[in-house]
Amino acid sequence: MNSKYLEIFKLLKVYPTPRGQAVIVKDFDLSVSEGEFVTLIGHSGCGKSTVLSIVAGLNTATNGGIVLAGKEVVEAGPDRGVVFQAPCLLHWLSAVDNVLLGVDQVRPELSKEERRKIAEHTLELVGLGDSFDKKPAELSAGMRQRVGLARAFALSPKLLLLDEPFGMLDSLTRIELQSVLIDLWAQDRKTALMVTHDVDEALFLSDRIVMMTSGPEAHVGEILTVPFPRPRNRHDVTEHPDYYVLRERLIAFLEEQGHGKAAPPPQSAPQPRGLMGFLRGLVPSAAMRT
Amino acid sequence: MNSFTREKLEKRIGLLVLPLIGGAIVVALWAVASSTVATSLPSPSRTWEASRLYVMEPFEKRGELDQGILRFTWYSLTRVAKGYVIAILLGTPLGFLLGMSNFFRASFDPIVQILRPVSPLAWLPLGFVLFHKPEPAGTFTIAMCSMWPTVLNTALGVRSVPQDYLNVAKVLKLSKLKTLVKVMVPAAMPYMFTGFRLSLGIAWLVIVAAEMLTGAPGVGGFLWQEYNSLIYEHIILCILTIGIVGFVLDRMMGLVEKRLRTG
Amino acid sequence: MAILELEQVHKSFGTTHVLSDVSLSVEPGELVAIVGFSGAGKSTLMALLSGLSKPDQGRVLFKGKPVEGPSPERGVVFQNYSLLPWLSAFENVELAVREVFSKDSRNAQRERVARYLEMVGLTYAKERRPAELSGGMRQRVALARALAIEPEVLLMDEPLSALDALTRATLQDEIERIARVSGKTILLVTNDVDEAILLADRIVPLSAGPEATLGAPTPVEIARPRDRRAMNHDPHFRKIRASITDYLLETQRVRRARSAANRRVAAESALPVESPA
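Chains as they are written, first to last, in our numbering: chain A, 6 to 295; chain B, 4 to 266; chain C, 734 to 1010.
One or more of the hints may lead you astray.
Claimed, not checked - In silico contact screen, one side only, chain A against chain C (beta carbon under 8 Å); selected entries:
id, residue
1, 48
2, 115
3, 249
4, 252
5, 253
As the list claims (entries may be wrong) - Capping the alpha-carbon separation at 27 Å, the derived lysine-lysine pairs in BS3-like fashion look like this:
id, chain 1, residue 1, chain 2, residue 2
6, B, 179, C, 787
7, C, 859, B, 261
8, C, 796, C, 836
9, C, 972, B, 176
10, B, 173, C, 917
11, A, 15, A, 76
12, B, 173, C, 796
13, B, 173, C, 798
14, A, 122, A, 140
15, A, 76, A, 117
Source of the hints: derived by calculation from the structure; they are not laboratory data. Quick reminder that beta carbons are idealized off the backbone N, C-alpha and C, glycines included.
Build the full structure now, drawing on both the sequences and the hints.
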């Protein structure tokens, strides 16, 4: 096994803002072995998604570099399957056609039937064996995200990138889908990098959990090795004697980082002046279509 | 930072200069056309010569049918204002009724849809029949034509009031009237203003037709009278005036509307 | 005597049987959490309790009397805040206070608004409109509005599920504190088992819909104030966390299996029957 399948070196990401430069991520270093499932955990806005999007090639690093299987990552490509928070399905295509879209792209050498077989098989694995021809609008949010998972796994990418994959779901549906994901992943154990803020999700799925400090200048805080044997199921994992010990440690880290992040200072919003301010005072305004 | 402001400056200059270039091209085409294919079309310079007095002394009153262009515009605007106010006073409550009551909507929506596309030229004679005088007939026509966008947009706005807001009112047991004043009107306000803006545009479109047919003094009346007197330069003057005034009215309403939407 | 009761309530929308045979009894001063999947019918249950909708069968009782419609006696905090966007934070609360305490002087009303905005820690932002507030701050305003009318029961419909984890934790602590200080009867609906354990005296699971129904209640015997970190040591916490989660996931599994079986039956009966020529 290659212990440096994915390497992230001295990652720096700076955004220019009208008030100077915002350093989002600084000196972020991480190596991931082949077949390892690594999770970045941290509060929202800490820069963990930025790291993931740079690895995906959807965003560029200001400095530092990323090497995947011996090659530097410079742009997005189908060798990395990404699962986003919102599954972003094409609403006019059925579930199976949404999955096929990617399969057609990466496996042009296969016949049409073989490609369809791959798509259907993956959908069966995520529990959608009876919903091939349903359109996204006919599926619940949880089922749509199952299609999102199938679409990424059907590509059999070198690296799986999961950006808060269940962040939009309620916490019970999330637990259900975590089991779907772990079973799917156990099929061929592709190297995976996930971002989440959910402590239980991280513990259940990962081999290692990377705790990120809160931004600005976010970097690796602590790394936790998760000892639970695989294959895992939710029941055995939560019954493991270390489960709640590790859980508490993660919560403690997140609480400390959270306290460091002070509440926004009290400030009064600028009041519009002049004629428009006057008009605005006269007529009630509304911003309801948001 | 320097390049940032410079870029902005260039953009701003572009916004000022490019419309001038566009205008110059159109005037040039107009000049060429008037001297070649359409010889009866007055040239730009002749139009300016003939219009000069009306533009430079815009509020002068030399005779009933010989007044400065802004004076005519003012007559037209006051006439529009009357019809428009009536349109809004009738259209807004009608819109609320259509939006709030399914019974009312089912009964009257088809009639609204049928009356909506009727041309001002068709309403005006009916106005004469009803009021026997040109002034109220014109006001009637403006009101009848410009009411519909207000009615339909208000109805849409009322139907789009989020159920959550109404639930808040219900839990607090607000009275019907209070719910209307405190929740529904403010929530529907942005839609209503879109209706008001479209209505004003239509009212201004209708005024020319109304004045042409009634012979009332105003931009439209002036235009028709100068056509009959074969002073074609003034037709162009009137067209430009109508366009500019319509544009300014729309922009003003647009500003208020934008404020309502984003505020 | 129970302050709020559901007696064998059924509720359908069209052909969808959302709630089936739901019974619940809430004692005064109790904080009860109802936990279930999104879309299981939790919001329908809330609408019944607040009086915004009526059951098809069964009864909804408030202090022993049937609920006829919405009333300020039962304050509601909605999931999406439901603040009126054209009013400032202060005015949003004031609208409710003026309606319910209409006999008070204007000064007394304003004082009350200020007191509750202070309780939720928003005095500094009282002039801001909802668009100028973060999600957490909006929910604080909604909470202040619900508390300011001094309802006998506070109904909270997934009040925190639209917020990020950090803000959610802060507001959970806030709700815990307010519940403890005010001694109000609170019914909280949530999809988060941890949130329920942190806040509730008693947790009632709502099985996966359609035909959702309430399961057996679990009392939460953890001393207050509860600490989400220290609770991890508590065997009782571990036990009820596992049992409630397992119960809910199991109802969902059963429901899926049942609907898959129904579909198979439907597919088989749709097969063409070979008729003798």
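Here is how each hint holds up against the structure:
1. Satisfaction of the interface hint for residue 48 of chain A is found here, the shortest Cβ-Cβ separation to chain C being roughly 5 Å, below the 8 Å cut-off.
2. Look at residue 115 of chain A: its Cβ only gets to about 29 Å from chain C, farther than 8 Å, so that hint breaks.
3. Checking residue 249 of chain A against chain C by beta carbon gives a least distance of about 4 Å; that is within 8 Å, so the hint holds.
4. Interface hint status for residue 252 of chain A: upheld, as the beta-carbon distance to the closest one in chain C is roughly 5 Å, under 8 Å.
5. Residue-level restraint check for residue 253 of chain A holds (minimum Cβ-Cβ distance to chain C is 4 Å; threshold 8 Å).
6. This hinted pair checks out: residue 179 of chain B and residue 787 of chain C have alpha carbons roughly 20 Å apart, not beyond 27 Å.
7. For the hint pairing residue 859 of chain C with residue 261 of chain B, the CA-to-CA distance comes to about 25 Å; that is within 27 Å, so the pair holds.
8. Pair hint residue 796 of chain C plus residue 836 of chain C holds up; C-alpha atoms about 25 Å apart against a cutoff of 27 Å.
9. A threshold of 27 Å between alpha carbons decides the hint, and for residue 972 of chain C with residue 176 of chain B the separation of about 43 Å lies outside it, so the pair is violated.
10. Under the criterion of a C-alpha separation no larger than 27 Å, the hint pairing residue 173 of chain B with residue 917 of chain C is consistent with the structure, at around 22 Å.
11. A hinted pair counts as satisfied when its Cα atoms are at most 27 Å apart, and residue 15 of chain A with residue 76 of chain A qualifies at roughly 17 Å.
12. For the hint pairing residue 173 of chain B with residue 796 of chain C, the CA-to-CA distance comes to about 20 Å; that is within 27 Å, so the pair holds.
13. Proposed proximity of residue 173 of chain B and residue 798 of chain C is supported: the alpha carbons are some 19 Å apart, at most 27 Å.
14. Between residue 122 of chain A and residue 140 of chain A the alpha-carbon distance is near 19 Å, which keeps this suggested pair within the 27 Å criterion.
15. With a C-alpha separation of about 31 Å, the suggested pairing of residue 76 of chain A with residue 117 of chain A is violated against the 27 Å cut-off.
Comparing the model with each earlier hint shows violations of hints 2, 9, 15; every other hint is respected.
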